[in-house]
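Chain order of the listed sequences is U and Y. Sequence positions in the first sequence follow my numbering and run 1 to 305. Sequence positions in the second sequence follow my numbering and run 1001 to 1305.
Just to be clear, a hint being listed does not mean it is correct.
Cβ-Cβ distance ranges computed for the label pairs, FRET-style [said to hold, decoys possible]:
id: 1; chain 1: U; residue 1: D59; chain 2: Y; residue 2: G1206; range: 49 to 55 Å
id: 2; chain 1: Y; residue 1: K1034; chain 2: U; residue 2: D202; range: 41 to 47 Å
id: 3; chain 1: Y; residue 1: K1123; chain 2: U; residue 2: D59; range: 30 to 36 Å
id: 4; chain 1: Y; residue 1: D1155; chain 2: U; residue 2: E29; range: 44 to 50 Å
id: 5; chain 1: U; residue 1: D257; chain 2: Y; residue 2: R1274; range: 49 to 55 Å
id: 6; chain 1: Y; residue 1: A1037; chain 2: U; residue 2: K158; range: 33 to 39 Å
Derived by calculation from the structure, the hints in this document are not laboratory data. Here a beta-carbon is modelled for each residue, glycine too, at the ideal position from N, C-alpha and C.
2 protein chains.
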Amino acid sequence: MIQQLIEKIQKTKAPICVGLDPMLSYIPEHVLKKSFAEYGETLEGAADAVWNYNKEIVDHTWDLIPAVKPQIAMYEQFGIEGLKVYERTVRYCQEKGLIVIGDAKRGDIGSTSAAYATAHLGKVKVGSKEYSAFNTEFLTVNPYLGTDGVKPFVDVCKAENKGIFVLVKTSNPSSGELQDKLVDGRPVYELVADKVVEWGADCMDGAYSNVGAVVGATYPEMSAILRKLMPKTYFLVPGYGAQGGTAKDLKACFNEDGLGAIVNSSRGIIAAYRQEKYAKFGAEHFAEASRQAVVDMVADINSVL
Amino acid sequence: MIQQLIEKIQKTKAPICVGLDPMLSYIPEHVLKKSFAEYGETLEGAADAVWNYNKEIVDHTWDLIPAVKPQIAMYEQFGIEGLKVYERTVRYCQEKGLIVIGDAKRGDIGSTSAAYATAHLGKVKVGSKEYSAFNTEFLTVNPYLGTDGVKPFVDVCKAENKGIFVLVKTSNPSSGELQDKLVDGRPVYELVADKVVEWGADCMDGAYSNVGAVVGATYPEMSAILRKLMPKTYFLVPGYGAQGGTAKDLKACFNEDGLGAIVNSSRGIIAAYRQEKYAKFGAEHFAEASRQAVVDMVADINSVL
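With the rest of the complex left out, here is chain U:
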């Protein structure tokens, strides 16, 4: 699967993914109004607004990008109606030829991780039939429970040619509280990096492994060290733009071949119309603002590669 992602990145010349993390506060008034008129101010109405918002952004950006990364929490907050739109968004993006990275950060003891892996990447057996539930190409995974909590995801990656990105060093301000603690002189995120390399070793797909890592854009010195520790691991890089990471900060996440990382931007793209820089588009043309923001982000990142 990582090979497919790489080919799409090379074809689009865009090592980025768009984070489809739709907060209601990002959605323009006219989109909300239309959905509320049809369904009322209900969970169904909110979910419909999220869907229309997503669809318009995807319709205006799909030809420029290799992948999207919907954050499932933003859908889960609207309950079943929200999760239906998560699924619908995943399917729609796949129809458009996009690779979908489900950002769910799941992780549990073995048998439970196996159920999550089934839910998001694999197939569940029902009697003599098999079904895929959410069926994204990639999923983000939390490593706090150790190998037996991650292994079921790796197994599904092998069986179904899917991929995961394991949290190594996250982009948020307090990520260091636990992740930077020194164990025999080495930070915890380096120990997790060693594990990611181990888990991914027999899960290669071309030059890179289907077991990737989440490495935040906001800690560039650490990215450089992690890049060396995990030469065959693809990085999913959050934290660019709204969270403070710059293109210069990102360079360390890439290998010499210009590959090795895919950079996410959520707010910076999907709510671009609310930025001074893209205000000229106006809320009515929010998706055109998103398209321009994608073009600018790609140019910005390629300028340092």
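Go by the hints and put chain Y onto chain U.
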């Protein structure tokens, strides 16, 4: 909320919760058959079987127990249909007067954790209205992202009188890979324990905090240390029974007052009919086997308190 849980534990004299983690392989043939006859071998059929199985177990155990702990992964694997049954199970247990601990192990950067907290414990604003999506009393939370990833859950606990259990030391075999690593001579799980105390300090509800901890039954020496480090923190204790933890192992999780811990059993209760010990009930009477297993588990645990 923790005070309500304690009162229910005292009333039932049962410091336990039943893990509603229904794998299809646990569900008796006659239950599956009935659902497949109605809905076919579909995700809807699987979800219907899960619902009927859950309902019968709850109907046969609710008067003996204070709480249930549905593991959301087991529902998520059946997609939207499964999650509808998760929600339906939560509502049904609440109608029966049970406290529901949603076992979802969510955790992310701040704004995303806020959405998860809203989804599972809080209320989401849609225009001028407010809705609760999954609305459980408690939720399990993963601490790998540090304070800003946990704080939004704590904030919702305060606003809505809900509770969380933060993963400190999990029950699985490889939990030590990361959690036992020594930082300045102290294992990572102790550092997380310190954080749990800090996060819970201004979230007290009677003698205990609404911010609890997950502490596995399978590492009793560690439980004893954690009990001392977190005297006002309630422990949610997985790992009893099927995972290998015994009643003797559990003693260390409790305080002198006989409070401080609630022990989960999933397979051991819901699939009791498959054990030699309860075989006499037969698959037809699986829920009666579950009831007997609850009686036996309560007696076993109370024998060491």
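Q: Using the Cβ atoms, figure out if A1037 (chain Y) sits within 33 to 39 Å of K158 (chain U).
A: holds (36 Å)
Q. Given a hinted range of 30 to 36 Å, is it respected by the beta-carbon distance of K1123 (chain Y) and D59 (chain U)?
A. Because 32 Å falls inside the window, the suggested range holds.
(Q) Quick check: does the Cβ-Cβ distance between D59 (chain U) and G1206 (chain Y) fall within 49 to 55 Å? (A) holds (54 Å)
Q | Hint check for E29 (chain U) and D1155 (chain Y) - Cβ pair distance inside 44 to 50 Å | A | violated (28 Å)
(Q) The hint says 41 to 47 Å between K1034 (chain Y) and D202 (chain U); measuring C-beta to C-beta, is that right? (A) At 43 Å between Cβs, range holds.
Q: Using the Cβ atoms, figure out if D257 (chain U) sits within 49 to 55 Å of R1274 (chain Y).
A: holds (53 Å)
Going down the numbered hints, you'll see the structure goes against just number 4.
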